[in-house]
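Number of protein chains: 2
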Amino acid sequence: MSKKLTKRADDYSKWYNELVVKADLAENSAVRGCMVIKPYGYAIWEKMQAELDRMFKETGHENAYFPLFVPKSLFEAEEKNAEGFAKECAVVTHYRLQNDPDKPGKLRVDPAAKLEEELVVRPTSEAIIWNTFKGWIQSYRNLPLLINQWANVVRWEMRTRLFLRTTEFLWQEGHTAHATETEAITEAKQMQEVYATFAENFMAMPVVKGAKSESERFAGAVETYTIEALMQDGKALQAGTSHFLGQNFAKAFDVKFTSKEGKQEYVWATSWGVSTRLIGGLIMTHSDDFGLVLPPKLAPIQVAIVPIYKNDEQLTAISEKVAVLVKGLREKGISVKFDNRDTYRPGAKFAEYELKGVPVRIAIGNRDLENNTVEVARRDTLAKETISQDEVVAFVQNLLVEIQEHLFTKAIDFRTAHTTHVSTFEEFKEAIENKGGFVSAHWDGTIATEEKIKEQTKATIRCIPNDAKEALGTCVFSGKPSTKRVLFAKAY
Amino acid sequence: MSKKLTKRADDYSKWYNELVVKADLAENSAVRGCMVIKPYGYAIWEKMQAELDRMFKETGHENAYFPLFVPKSLFEAEEKNAEGFAKECAVVTHYRLQNDPDKPGKLRVDPAAKLEEELVVRPTSEAIIWNTFKGWIQSYRNLPLLINQWANVVRWEMRTRLFLRTTEFLWQEGHTAHATETEAITEAKQMQEVYATFAENFMAMPVVKGAKSESERFAGAVETYTIEALMQDGKALQAGTSHFLGQNFAKAFDVKFTSKEGKQEYVWATSWGVSTRLIGGLIMTHSDDFGLVLPPKLAPIQVAIVPIYKNDEQLTAISEKVAVLVKGLREKGISVKFDNRDTYRPGAKFAEYELKGVPVRIAIGNRDLENNTVEVARRDTLAKETISQDEVVAFVQNLLVEIQEHLFTKAIDFRTAHTTHVSTFEEFKEAIENKGGFVSAHWDGTIATEEKIKEQTKATIRCIPNDAKEALGTCVFSGKPSTKRVLFAKAY
Chain A
28 MSKKLTKRAD
38 DYSKWYNELV
48 VKADLAENSA
58 VRGCMVIKPY
68 GYAIWEKMQA
78 ELDRMFKETG
88 HENAYFPLFV
98 PKSLFEAEEK
108 NAEGFAKECA
118 VVTHYRLQND
128 PDKPGKLRVD
138 PAAKLEEELV
148 VRPTSEAIIW
158 NTFKGWIQSY
168 RNLPLLINQW
178 ANVVRWEMRT
188 RLFLRTTEFL
198 WQEGHTAHAT
208 ETEAITEAKQ
218 MQEVYATFAE
228 NFMAMPVVKG
238 AKSESERFAG
248 AVETYTIEAL
258 MQDGKALQAG
268 TSHFLGQNFA
278 KAFDVKFTSK
288 EGKQEYVWAT
298 SWGVSTRLIG
308 GLIMTHSDDF
318 GLVLPPKLAP
328 IQVAIVPIYK
338 NDEQLTAISE
348 KVAVLVKGLR
358 EKGISVKFDN
368 RDTYRPGAKF
378 AEYELKGVPV
388 RIAIGNRDLE
398 NNTVEVARRD
408 TLAKETISQD
418 EVVAFVQNLL
428 VEIQEHLFTK
438 AIDFRTAHTT
448 HVSTFEEFKE
458 AIENKGGFVS
468 AHWDGTIATE
478 EKIKEQTKAT
488 IRCIPNDAKE
498 ALGTCVFSGK
508 PSTKRVLFAK
518 AY
Chain B
28 MSKKLTKRAD
38 DYSKWYNELV
48 VKADLAENSA
58 VRGCMVIKPY
68 GYAIWEKMQA
78 ELDRMFKETG
88 HENAYFPLFV
98 PKSLFEAEEK
108 NAEGFAKECA
118 VVTHYRLQND
128 PDKPGKLRVD
138 PAAKLEEELV
148 VRPTSEAIIW
158 NTFKGWIQSY
168 RNLPLLINQW
178 ANVVRWEMRT
188 RLFLRTTEFL
198 WQEGHTAHAT
208 ETEAITEAKQ
218 MQEVYATFAE
228 NFMAMPVVKG
238 AKSESERFAG
248 AVETYTIEAL
258 MQDGKALQAG
268 TSHFLGQNFA
278 KAFDVKFTSK
288 EGKQEYVWAT
298 SWGVSTRLIG
308 GLIMTHSDDF
318 GLVLPPKLAP
328 IQVAIVPIYK
338 NDEQLTAISE
348 KVAVLVKGLR
358 EKGISVKFDN
368 RDTYRPGAKF
378 AEYELKGVPV
388 RIAIGNRDLE
398 NNTVEVARRD
408 TLAKETISQD
418 EVVAFVQNLL
428 VEIQEHLFTK
438 AIDFRTAHTT
448 HVSTFEEFKE
458 AIENKGGFVS
468 AHWDGTIATE
478 EKIKEQTKAT
488 IRCIPNDAKE
498 ALGTCVFSGK
508 PSTKRVLFAK
518 AY
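Residue numbers (our numbering), protein chains in the order written: chain A, 28 to 519; chain B, 28 to 519.
The hints are simulated quantities; they were obtained by calculation from the structure and are not laboratory data.
Check the hints yourself; a few may be wrong.
You can't tell identical chains apart in this list, so a pair holds if it fits in one copy or across any two.
[What the hints assert, rightly or not] In silico DSSO-like pairs for lysine-lysine, Cα to Cα no more than 27 Å straight-line: (1) K411 - K84; (2) K49 - K161; (3) K41 - K481; (4) K34 - K236; (5) K376 - K337.
Turn these sequences into a full structure, and let the hints guide you.
And the structure:
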């Protein structure tokens, strides 16, 4: 905490990396591309998990757990999915180590313990889960099957960044099976809606809901629904996806059911997931040059109380007042930390809570005791106010709501200011290069055009927004006819 | 659910395997030795996790997350630990698959994507965590460091059984660092106590707290504290262990701290864990020939309500009464399922809840409506009682407490009846072979004697009980002097 953070304007990427480490959220590990999630970062993930898990259960899903490993023969069964992930797979080939005869005290892989069939460390679990679903589904009575799993997955990424792209990451993956196509599509869209609600109401991170273009779809999906957020550097972040998988996996794993009419039919499928990447999105949406800014609903500590005292007598008097305050706040369900460590000075504590994004900081000193007041500082605006001790609980309760709303409004405003409607490719390039953010443009619907735009601008189609209006126009690149605008951006 | 369960007396092992599958708890997967934990089994694990997590946090621990993979060079750093787990390690050697040129549509491991250093899939995380702790600990101010992780681990076991011993399993592993030996030992013992409290108060599973003999210690530990439970077939189950690791890992990973006196000292360590194995213990402690019996505190559904009706009009009238009942029960924090499925008959529903161990079943039919009653059946004793609808909420609330207590008392009585104090090796063999259970005997403290006893009886030392009284005696096998009795048993 000794050195100051790099400023966002100077080097956004460096600012992010420094912030993640300095705020004690995560760090790189001895394993290439894998991170250690530190207690403060993990506490945010636990808060996210709790809300998402509640939302999944309220929509009828149950949790289960499937194996970490996928035998190669199952992994390759759904060809498009296998092809999409083959290049990123960590593979277990042996099941034993032995003493290395050449190096005393060292181990080596035992060549005699080679697996007959290699095991892929799951990059996603459709294969192992659909192989299991085959045994669970016989009749329409077994449908819908609504399963979620909290798990770790591994994708061997070439370039990694803490939270945003790591070789191993934590996520949830929902996998559902349905009797009809309509029902499966409704489910996939419902989960997109759940993710959007979570992002906006808890993370205070506005998202655009839409569908992916063909080239950006999940490998093996018929349709991919996405939520796309905009970061402060003008780059988009794919924050969650929900896939309608058609009958692709049912056919690959031969999962049929007997319909009410007694016919054998293939099952319809969805899958959907969000990951620890959300923490990266949370950081980049709200934080500033002073450190992390956390929305109150996901802050592990909502209120930090710092005593300012010169001697033990003063600390005792302050502590008595604080005890009452802590009790009052906790009764309202507010998480509070009274930081009475005597190894740090108030200034260092202020800096720590600023860096760690604690939404509200309360300071109480000798003069406050005399005046029956406290000083309340909010992290989002850095504004301070002196409040009567009698009113502070109600004040803080309202303030937390206000901060949550303010962060969301600010992020919405940023996005509005950084969404540009363009008609020509010159305008397109100008917006992408100089302003950043989302660019709304007509597109002719072809992969070829999408690729050329990407080559020339590094911008990709983030989504075809759900609320895109039908409006005739001409493709910003090819000049061919188009029926709706899509959203482009450079992306993480 | 069509076929009846094998009876425990006929084949306990078969009864267990059938029960786990029929009660929808778990099943074997396509991956050798790995299980799928089904929603009902996972719901029990979630209840266990919630309570344990609360207890860990109340004792000052924080959750974090460390990589799944351990580079071989780190894995082998603490030699005893590495030696203990080397034979059970799944090893990742490659990071990419490619199309198999000989088999169209199939994949093979890309020989060009061989890792320079192999990665061990964690069988336990001391190595990767202590390598990380090195960066977190500089001064006594950083201590104690009290970390817990919820994770999956992999141990390549030759013989596996659902929940009890699986290649991959879910667990929590606590890892703590301390300034002094005394503090670390106190921590290890405290966590043994937390585990015992959880086992007895929530699982209703009595445990003996004790220390492991040298040969049964965790690889790399100075002392292993254990909780040992007794299953209905007279075999013991090691249900949780807490290790005092001395300075072994601190030395292997060079983790030193500056003491208050300014000296550089090695850190003292503990680690402790419980796993999904606990679910196996829960099943085997309480269940009977009719199916699962769950203690109310860990039952995903505490009360199942089954309507008995002949027509829609009756169902409507019953449903109205049930709505009031459900509301009343939920207000008391009781989890209730009203099973109004019209695809199953009451008899089938009764059988299902019996098999699934739901603690309380309520049936309500037309005559009950007339009499303002319901029928309440308890799963543990199978007793039924007719109760006034006005009193049923309070009755059920008390009944759940009573069932929890009754299960614990019954298990204690079983253990008492199956704990034999012996003085001679003849008595020892007689008890182990014919009666089963714990055998309390004097032991000379040598590994040689322990091994010979194991060879001749298959019984191992489960623990040296914490409350073992100092009492001079002679070893039951060697006749040499002994100062206390230890507990032997055949074990899972």
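Each hint, compared with the structure:
no.: 1; hint: K411 - K84; in the structure: neither (40 Å within a copy, 32 Å between copies)
no.: 2; hint: K49 - K161; in the structure: between (48 Å within a copy, 17 Å between copies)
no.: 3; hint: K41 - K481; in the structure: within (25 Å within a copy, 61 Å between copies)
no.: 4; hint: K34 - K236; in the structure: neither (31 Å within a copy, 55 Å between copies)
no.: 5; hint: K376 - K337; in the structure: within (16 Å within a copy, 69 Å between copies)
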